[in-house]
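Peer 1: In case you want the letters, here they are:
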Amino acid sequence: MLVGIKNASKLTGISIIACCAVLICTMFVNFYFDVRLIENEITSELSMIFYHAQVSTVKVVCLVSGGCMLLTAVVMLLFYIKHYIDTHKKELGILKALGYSNLKIAKSFWVFGISAFIGTAIGYAGAFLIMPRFYALQNEDKLLPEIAINFHPSILFYFVLLPTVCFSALSVCYAWYKLKKPVLLLLKDHLQTAAKTPHHRIEKNRELPFVEDLKRNTLKSKKALVFFIIFASFCFSAMTQMSFSMKDLSSEMMGVMMLVIGLVLAFTTLFLAITTVISGNTKTIAMMRVFGYSQKECCRAILGGYRPMSYIGFVIGTGYQYGLLRLMVDIVFKDFEDVPVYKFDVPVMLVSLVCFITIYEILMYVYSEKIKKISVKEIMIE
Amino acid sequence: MIKAEDIIKSYGNGESRFQVLKGISLDIEDNDFVVILGASGSGKSTFLNIISGLERPDSGKVFYDGKDITALSDNEVTSFRKENVGFIFQQYYLLPNMSVDQNVKMGADLADNKDYKTIIEAVGLGEKLHKYPSELSGGEQQRVSIARALAKRPKVLFLDEPTGALDEQTGRQILDYICKLQKEYDFTIILVTHNLNIAKMADTVIKMNSGKISEIYTNETKKTAYEIGW
Ligand SMILES: Nc1ncnc2c1ncn2[C@@H]1O[C@H](COP(=O)(O)OP(=O)(O)OP(=O)(O)O)[C@@H](O)[C@H]1O
Ligand SMILES: [Mg+2]
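Residue numbers (this note's numbering), protein chains in the order written: chain L, 1 to 382; chain Y, 1001 to 1230.
Keep in mind the hints are simulated off the structure, nothing from the lab. Watch out, some of these pointers could steer you wrong.
[As the list claims (entries may be wrong)] Computed spacing ranges between beta-carbons, pair by pair:
#	chain 1	residue 1	chain 2	residue 2	range
1	Y	Thr1221	L	Lys10	55 to 61 Å
2	L	Ala224	Y	His1130	52 to 58 Å
3	Y	Lys1155	L	Leu184	51 to 57 Å
4	Y	Thr1118	L	Glu361	39 to 45 Å
5	Y	Glu1127	L	Leu208	19 to 25 Å
The C-beta atom is built at its ideal place from N, Cα and C for all residues, glycine as well.
Kindly generate the complete structure, drawing on both the sequences and the hints.
Peer 2: Right, here's the structure in full:
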């Protein structure tokens, strides 16, 4: 096997996200199936309205959170594979030079699908643990008849088995696509990125100081990381604000769940992004230290560029949660008479922003200490 | 002036502990061209790393104009390197995502050197300003690393087998560049090599043998690489 389980273990980020997504979706979809079974038993008009509200909530929540996380997990997977191929270019190039076919190498990438299996399986099992409480809360006011928990095999298939197979297949295909390059391109450092960059663009930035130049270059060289940073702060901002603003619109449990999932997603992606930024630039940092650039300058060049991105993510998240809650109030609860008015919650936004800035800066500090520990001899290790 | 006093350095722990440098003392004059010769594993690179402030000795001191750099904190050593030293390695270690211009600017910015382009011209890469390291030959890459090191106007230039990865002719060219530039910019050169021919180009030759200095001599008449004719 060319790509081992050990490499796949680096994909815990995907497992965590898959786990969250499946946890929520299983819970809601299972509820949806079970609640549909009792549709005929509903008699009063009020119950019917409540029933429809519940069904719409399920749809919105599943589509929004499930879709969002599925997208992230896929992007993360592709990113990991690309990162893996980039960092193992030489080995893979040598294998190809020795005569291994692309397909033969690519096939071993199926193990990356295991991360999806672990995540979805845990999420699925977790959902069944929380389900009794969830069902009780959804029907707290006893507006609907008793809802029993049933096992639906199709959910197991669609949320656990299918994602595993799809992720494995996607890994193999993407790896195969990425490996299609000529052997020399794999063996030689960065030849492709170098050839792709148009020269007139460099011309424009020519007079920037080196640290600024490097900052831009770091940002540009891994665009997926920019996405992850934006996504992390987006999750943080949207989910924390939503969980507090939603108190009046939904159960407390929903709020807590949102909060936990938001934080998990935010930290997983942020952690993934920063560690890859640093590990991808260890040699650069070591070389800068050899030449006498201070720790602060190294941090500024390598991590500094992501700060504005994280603020952009925060702003988008704030707008997103506002829009989503508006939508929920307008659509889901439109038949209710006493829907609480929903307004944009400025204090919550400010608290969330302050927390965000604090956490982000603490993380940056922790990582700048890590950068400090990078030995200047790191460059001499090939 | 650089002064090393009784440098001792070991690697490993317990049973496998191994003394690489066994007490090295040495004086190096300003603007000297020093070559350190020795067999593989004799501790040349380790010694170079220690006197250049990349690594700390277990005991012993390194003085630059009377200032002990082994007593400095990590941040202070970093800023010492910024002010004083330049490096050229066998493996070049250029930043692969940055163009020739940007790589050299990495050194130039540290010394606030605005006309670093003349140095790129001087090493003959004026035409390749916007090329990336992967688009250059080995000799050209090494010239970029020379330009990068010189652009920061070092007082001392450290070279660890700078021509090790190059063919003879390119290696000769590189060394002649460095000698020419030394006359122009005035700096001390400390160069580590296996190559006896390179030693003929030096002012001072230091021979190392399993962690100790076995011989020091000065060349009365220094030769250029072409005069030696290797
Ligand atoms: N980081 C390290 N950890 C353990 N041992 C080391 C380390 N660095 C060097 N050594 C050991 O120290 C000894 C001297 O190494 P050094 O690199 O200084 O030799 P050298 O004279 O430069 O050899 P070469 O000419 O092959 O480059 C070697 O035996 C090496 O194994
Ligand atoms: Mg060596």
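Peer 1: Quick one: are Thr1118(Y) and Glu361(L) within 39 to 45 Å, going by C-beta?
Peer 2: holds, 42 Å
Peer 1: Please check whether Thr1221(Y) and Lys10(L) have a Cβ separation lying inside 55 to 61 Å.
Peer 2: holds, 60 Å
Peer 1: Please test the hint of 51 to 57 Å on the beta carbon pair from Lys1155(Y) and Leu184(L).
Peer 2: violated, 41 Å
Peer 1: Could you check the hint for me, namely that Ala224(L) and His1130(Y) are 52 to 58 Å apart, CB to CB?
Peer 2: violated, 26 Å
Peer 1: 19 to 25 Å was suggested as the range; check whether the CB atoms of Glu1127(Y) and Leu208(L) agree with it.
Peer 2: Given range 19 to 25 Å: holds, Cβ gap about 22 Å.
Hint compliance for this structure: hints 2 and 3 are not met, and every other hint is.
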